[in-house]
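First to last, the protein sequences are chains A and B.
Take 1 as the starting number for the first sequence in the numbering used here and just add one per residue.
Take 1001 as the starting number for the second sequence in the numbering used here and just add one per residue.
There could be a bad hint or two in this list.
Only part of the chain B face toward chain A is listed, based on derived beta-carbon distances under 10 Å [to be verified]:
{"no.": "1", "residue": "R1044"}
{"no.": "2", "residue": "P1054"}
{"no.": "3", "residue": "T1085"}
{"no.": "4", "residue": "T1086"}
{"no.": "5", "residue": "S1088"}
{"no.": "6", "residue": "V1089"}
{"no.": "7", "residue": "R1092"}
{"no.": "8", "residue": "D1113"}
{"no.": "9", "residue": "R1119"}
{"no.": "10", "residue": "A1121"}
{"no.": "11", "residue": "V1166"}
{"no.": "12", "residue": "R1169"}
{"no.": "13", "residue": "A1262"}
{"no.": "14", "residue": "R1266"}
{"no.": "15", "residue": "A1268"}
{"no.": "16", "residue": "I1271"}
The following residues of chain B were derived to be distant from chain A, with all beta-carbon distances above 12 Å [claimed, not checked]:
{"no.": "17", "residue": "N1067"}
{"no.": "18", "residue": "T1076"}
{"no.": "19", "residue": "T1082"}
{"no.": "20", "residue": "A1093"}
{"no.": "21", "residue": "A1170"}
{"no.": "22", "residue": "E1222"}
{"no.": "23", "residue": "G1282"}
To be clear, the hints were calculated from the coordinates, so they are not data collected in a lab.
Every residue, glycine too, gets a C-beta built ideally from N, C-alpha and C.
Residues per chain, in single letters:
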Amino acid sequence: MYERQRTVAWSAGLVAALALVTVYSATIGPVAIPPVAVAKAILNDIALPTLAAGAGLVQWVHPFTFPVDQSHAVIVTKLRLPRIALGAAVGFALATAGTVMQGFFRNPMADPSIIGVSTGAAVGAVAAIVFQPAIPLLPDLQAMAFGMALLAGFTVYLVAREGGRTPVATLLLAGVAVQTFLGAVVSYTLLFAGDSLERAVYWLMGHLHAANWGKVGAIWPVAVLGFLVTLAYARDLNVLLVGEDDAHTMGVEVERTKRVLLAVASILTAAAVAVAGVIGFVGLVVPHVMRLLVGPDHRILLPTSALAGAGFLVATDTLARAGPAEVPVGIVTAALGAPFFLYLLRNREVHSL
Amino acid sequence: MSEDRPDTEGDVAGSEDAPALELDDVSVRYGDRTVLDGVSLSVRPGEFLALVGPNGAGKTSLLRTVNGLVTPDSGTVRIAGTDATTLSVRERARRVATVPQETSVGFDFPVRDLVAMGRTAHRSRFSRGGESDRAVVQRALDRTDTAGFADRPVGSLSGGERQRVVLARALAQAAPLLLLDEPTASLDINHQVRVLGLVSDLVHAPADGSTTGDGAADTPAERTAVAAIHDLDLAARFCDRVALLADGGIQAIGPPAAVLDAERLRAAYDIETVVTENAATGTPTVTALTDAATNGVEPSRTPLEADDD
């Protein structure tokens, strides 16, 4: 079908763009590495599982063995690639969550943090940073951030719930209120930060510099799984755009669908914020731009937004670490994203969904 | 549109004698305001029923108890003999399609995609739309005369075109019972007549499209329509029966000529009216008189000169 072909074509193009950005990003750094060497190092690093004949064990086999400078290979695969992979996952998750939130709220200003998830994560992370050595047995930063993020989202949902329904407007307002309250908690906690103030503030700005393969391995499964669930609900999201009452009369279980979508979007956001801090604007701008390019149908909008989000965050993070001193990527996304968004606002139809 | 097709009225699969829609002592309260007060109503298959009555009489609420947007506080709604509370949202959407009052679809879906949304209740989450789905959508577009702009975004259409698209969406739902809430409220006279004429056709000559052998779920054998209509003349002209609602109850129900009389309308609408026979259509025409007019003129059978607004 036409729609299917369009989705495949756009997705293929965006995957290619992501690959290019990845290779280019890996060449940038204190040690300049030529693109060809980067590509070879990445290919060498690919391992495919194969069943060893006798032992009955899965063995990892590297299909490519290009000759590459060993130090270059280490820099690419151990330092730069995990950061790129983490950025891609975070962008992927945030853009997916943003697309869902905008469709769900039928509000162009909605972004993944709208129901308080990001601010919840901030409370968890800042508490971990500030109280970590003092209070024993505190879970680690990622776990604290993730847990608090979900707690905040769930609280907003419960507050907004009345008589079996969760009106979208109430949800939005409850989200704003909870965000404000948690913002105060973050500020208050920072008062006691002392020596860890710098670390806490740096975390709040959103960054990818502490990337490692462990974090990458933790977030990608969440991002992909969450994405697949939202994709399964793409048609319901389309119908919800027409209005909740209409969706109900067309056979959509509105409240259940909203619960699922809200939960998935919250988990995606919580996971992204837990590993990378609060990175603004990706979840807001990327879905808007893709909507302009591919239209409002979530069957094509969701995959293209997710891939574009991945590429966008890798690109902005490259920019963030390209200068003489590294800048938190959250600053770059906001500094680039906001003017671009204003440009779209003035020149195109961003006001509608 | 399809006048020369054979009528297949007799051989409806499972044509029990159950009414297409039955309300039994249905009451709806919003807070301490009673909107529907023990309403009982029966609509037989193949009938086009108009709900008329003043603003706030409960017309929309009545429709919403049928499509499930409102749960009655007491009483039973039966759809083709089945208690509606036993139906899932999805099952109900296969039996009842709704053309909503507001069609403010302010976004850029192409007409065909919007109409295809009507198939939601017939598709599983993971299946793609099959050939039969597309055929149903195409038939709905053809039947409503919207196929010509199927690829245009809904936002670019006029109000009349848009209303026909929403009707097409309801047809794609392939439900035997069609509810319409003020389908003509924002339309010019041309489109008012076209939309209601189309609904009347759908009900009275339901065999749209040859049964392409792709399953009974595509086109219901017999359609029934219930429409809330403000315009009494249009209701009288297109509908088989008229139910007059006021104060949360049905004041009268029957053929238009029997229900629409000055006495009942005065009780329901609190205004003097004159009911005459329309020279062009032969159906009742209701003319409302202003207070000034009624002071001077005896509520007579000569309404024309009294009409001063």
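Against the structure, the hints come out as follows:
no.: 1; hint: R1044; result: 23 Å, violated
no.: 2; hint: P1054; result: 23 Å, violated
no.: 3; hint: T1085; result: 15 Å, violated
no.: 4; hint: T1086; result: 16 Å, violated
no.: 5; hint: S1088; result: 8 Å, holds
no.: 6; hint: V1089; result: 5 Å, holds
no.: 7; hint: R1092; result: 7 Å, holds
no.: 8; hint: D1113; result: 6 Å, holds
no.: 9; hint: R1119; result: 9 Å, holds
no.: 10; hint: A1121; result: 3 Å, holds
no.: 11; hint: V1166; result: 9 Å, holds
no.: 12; hint: R1169; result: 8 Å, holds
no.: 13; hint: A1262; result: 37 Å, violated
no.: 14; hint: R1266; result: 34 Å, violated
no.: 15; hint: A1268; result: 27 Å, violated
no.: 16; hint: I1271; result: 32 Å, violated
no.: 17; hint: N1067; result: 5 Å, violated
no.: 18; hint: T1076; result: 20 Å, holds
no.: 19; hint: T1082; result: 16 Å, holds
no.: 20; hint: A1093; result: 3 Å, violated
no.: 21; hint: A1170; result: 9 Å, violated
no.: 22; hint: E1222; result: 20 Å, holds
no.: 23; hint: G1282; result: 35 Å, holds
In the structure shown, a violation is registered for the earlier hints numbered 1, 2, 3, 4, 13, 14, 15, 16, 17, 20, 21, in ascending order.
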